[in-house]
Structure formats: structure tokens, C-alpha cells
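Colleague: What follows is the residue order along each chain.
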Amino acid sequence: GDSVTQTEGLVTLTEGLPVKLNCTYQTAYSDVAFFWYVQHLNEAPKLLLRSSTDNKRTEHQGFHATLHKSSSSFHLQKSSVQLSDSALYFCALSGHNTNTGKLTFGDGTVLTVKP
Amino acid sequence: DAGVTQTPRHEVAEKGQTIILKCEPVSGHNDLFWYRQTKIQGLELLSYFRSKSLMEDGGAFKDRFKAEMLNSSFSTLKIQPTEPKDSAVYLCASSLGTGKNTLYFGAGTRLSVL
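So the sequences go chain by chain: A and B.
Reading the first sequence from the start, the letters are residues 1 to 115 in this note's numbering.
Reading the second sequence from the start, the letters are residues 1001 to 1114 in this note's numbering.
Just so you know, these hints were derived from the structure itself, not from any lab.
One should not assume that every hint holds.
Here are the simulated distance ranges between beta carbons [to be verified]: (1) S30/A <-> S1053/B: 24 to 30 angstroms; (2) D31/A <-> K1078/B: 19 to 25 angstroms; (3) T1005/B <-> Q61/A: 20 to 26 angstroms; (4) G1016/B <-> Q77/A: 46 to 52 angstroms; (5) S80/A <-> K1078/B: 26 to 32 angstroms; (6) P1008/B <-> V110/A: 21 to 27 angstroms.
In silico DSS-like pairs for lysine-lysine, Cα to Cα no more than 30 angstroms straight-line [stated by the list, open to error]: (7) K1085/B <-> K1062/B; (8) K20/A <-> K1039/B; (9) K1066/B <-> K78/A; (10) K46/A <-> K1100/B; (11) K1100/B <-> K56/A; (12) K1039/B <-> K1015/B; (13) K1052/B <-> K1100/B; (14) K1100/B <-> K20/A; (15) K69/A <-> K56/A; (16) K1066/B <-> K1022/B; (17) K78/A <-> K46/A; (18) K1039/B <-> K114/A; (19) K1078/B <-> K1052/B; (20) K1078/B <-> K1039/B; (21) K78/A <-> K1015/B; (22) K1085/B <-> K1015/B; (23) K1015/B <-> K1100/B; (24) K46/A <-> K1022/B; (25) K46/A <-> K69/A; (26) K1100/B <-> K69/A; (27) K114/A <-> K69/A; (28) K1062/B <-> K1022/B; (29) K1052/B <-> K78/A; (30) K1039/B <-> K1066/B; (31) K46/A <-> K1062/B; (32) K1039/B <-> K1085/B; (33) K1062/B <-> K1078/B; (34) K1085/B <-> K1100/B; (35) K1085/B <-> K78/A; (36) K78/A <-> K20/A; (37) K114/A <-> K1052/B; (38) K1052/B <-> K46/A; (39) K1085/B <-> K1052/B; (40) K56/A <-> K1052/B.
A quick note: this is a predicted structure, and the numbers were derived from the prediction, not measured.
Backbone N, C-alpha and C define an ideal beta-carbon position, used for all residues, glycine too.
The shape of chain A in the complex, shown without the other chains (with noise of 0.2 angstroms):
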């Protein structure tokens, strides 16, 4: 079956460094697609990002990811974290179930900014 892969459990960063948040896949199926959500304390998962080209850079509040066939991945990254980015991020994949909307999580990795 499909899995996704996220290295970090935890990413601990000062206000105004970068970050990047690995995600990585298998699935045997090549149509697609993946995501990005955001989780804030107490809060709804919300989409981030979403991407189902390869090699194409997603962008959206501040955040981007390109998704790479080539190595498997669809890592998060941005340039300049602040505070209120302090948040549980998950990253899904859609492969085998492209006709229903389930999705194959991440295990999450918070990210805590601090100033």
C-alpha cells in the first residue's frame, strides 16, 4: 500500500530562519496527487499546499514544495519562519484512492518558532 514518510517528529527553530519539512512516499501508482496541511493548537487541519505536477513549485502563504516523481518527495519549505507558523504539519498523499477522497498521512512534524 501506499506510506508517507516525515524524518521529523519535532523542528525547533528561531524567528526568521528557514525551514525545511521532509516528506517522503511510495506508492506504485503514477497518478498522483499531494499535500500539505497545517494544524494549529486546538485548531482544524487546514490545506496548505497541494500539488499533483511534477517539478512544478506550489506556493501559498509563504510556503512552498515542489513535488519530485524522480526522488519521491514533496518537501515544505520557507525562507523566513515567524510564530505564528508554530504549528503540527502533515504531509498526504493521494495515490491508489485518486476516486475517493482518503488520504495516506504523514506521521506530523511540529514545528515550534521561537523568538
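Dock chain B against the given chain A, drawing on the hints supplied.
Modeller: For chain B alone, kept in the frame of chain A given last:
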């Protein structure tokens, strides 16, 4: 547009009690999901409905967890009987129903079982 609405936001139960969590999906969405969220396990799929039909019922959760979708705009998750290990955040999410559509989440119900 109204998002996914979950009630209650917080629930405290004694061990052995029956609790019912409620979810109203985004209007017009065909897929509805119930997830359990914990720090250790992350997001675990409990149930998946498509057009009110149960498509998947998480194997490990079958014995005490029962989700129902009585109509396209309302779903419940019953836990009977509750155990302390059920303490977690329960998230409901909905989607139009293709993999490239966005999954919309509710704010969740935080369950504490004493």
C-alpha cells in the same frame, strides 16, 4: 460556506460509558471520514463513508467503535463502552470524493476517559 462542524468540542466520560460524537460535513461532499488523533499514533482512520455507504471500518476499532451516516448531512461516532485508552482528539473530515480534492476537517472533539 459552512465548514465541517463537530460537537461537542470537549467530552469527559467515565470508563464504561457510551458516548456519541457528532459531525456535519460540508454541504455537497460525498466522502466523510472519522479519524482518531494522538501524539503517538498520529491520524488513524476509523471509518470512511461514500454517499452515506460505509466503505471502510478500521479493523482495530470495530469492536467498540461504530460510525453511522443517517443522511448526507449528519454522521455520528459511537464509542461503547469507553476505555481510558480512547482519550484522544476525534476528527471528522469531508471531501467531494476524488483524490485531488481537498479534505476539509472539523475542529475535533477532545475526549477524556477517566
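Colleague: Is it true that the CA of K78/A sits at most 30 angstroms from the CA of K1015/B?
Modeller: violated, 44 angstroms
Colleague: Given a hint of 46 to 52 angstroms, does the C-beta separation of G1016/B and Q77/A actually sit inside it?
Modeller: Cβ of G1016/B to Cβ of Q77/A: about 48 angstroms, so the range 46 to 52 angstroms holds.
Colleague: Return holds or violated for the Cβ distance of D31/A and K1078/B against the range 19 to 25 angstroms.
Modeller: violated, 36 angstroms
Colleague: Next pair to validate is K1100/B with K20/A; report whether the Cα-Cα distance is within 30 angstroms.
Modeller: Holds, at roughly 24 angstroms.
Colleague: Would the hint linking K1015/B and K1100/B be met if the CA-CA limit is 30 angstroms?
Modeller: violated, 40 angstroms
Colleague: Does 24 to 30 angstroms hold as the CB distance between S30/A and S1053/B, or does it fail?
Modeller: holds, 28 angstroms
Colleague: Checking one constraint from the list: CA of K1039/B to CA of K1085/B, max 30 angstroms. Satisfied?
Modeller: The hint holds at about 13 angstroms.
Colleague: Should the hint that T1005/B and Q61/A are 20 to 26 angstroms apart at their CB atoms be regarded as holding?
Modeller: Holds - the Cβ-Cβ distance for T1005/B and Q61/A, about 24 angstroms, lies within 20 to 26 angstroms.
Colleague: Please work out if K20/A and K1039/B have their alpha carbons no farther apart than 30 angstroms.
Modeller: Holds: K20/A and K1039/B sit about 21 angstroms apart, inside 30 angstroms.
Colleague: Given the hint that K1052/B pairs with K1100/B, test it: the Cα-Cα distance must not exceed 30 angstroms.
Modeller: Holds, because 20 angstroms separates the two Cα atoms, which is no more than 30 angstroms.
Colleague: Would you check the hint for K1052/B and K78/A, treating anything up to 30 angstroms between C-alpha atoms as holding?
Modeller: Since the Cα atoms of K1052/B and K78/A sit roughly 40 angstroms apart, the hinted pair is violated (cutoff 30 angstroms).
Colleague: Measure nothing beyond the straight line between the CA atoms of K114/A and K69/A; if it is 30 angstroms or shorter, mark the hint as holding.
Modeller: Answer violated: K114/A to K69/A is near 34 angstroms, above 30 angstroms.
Hint violations for this structure: numbers 2, 5, 9, 21, 23, 27, 29, 34, 35, 37 and 40, all remaining hints satisfied.
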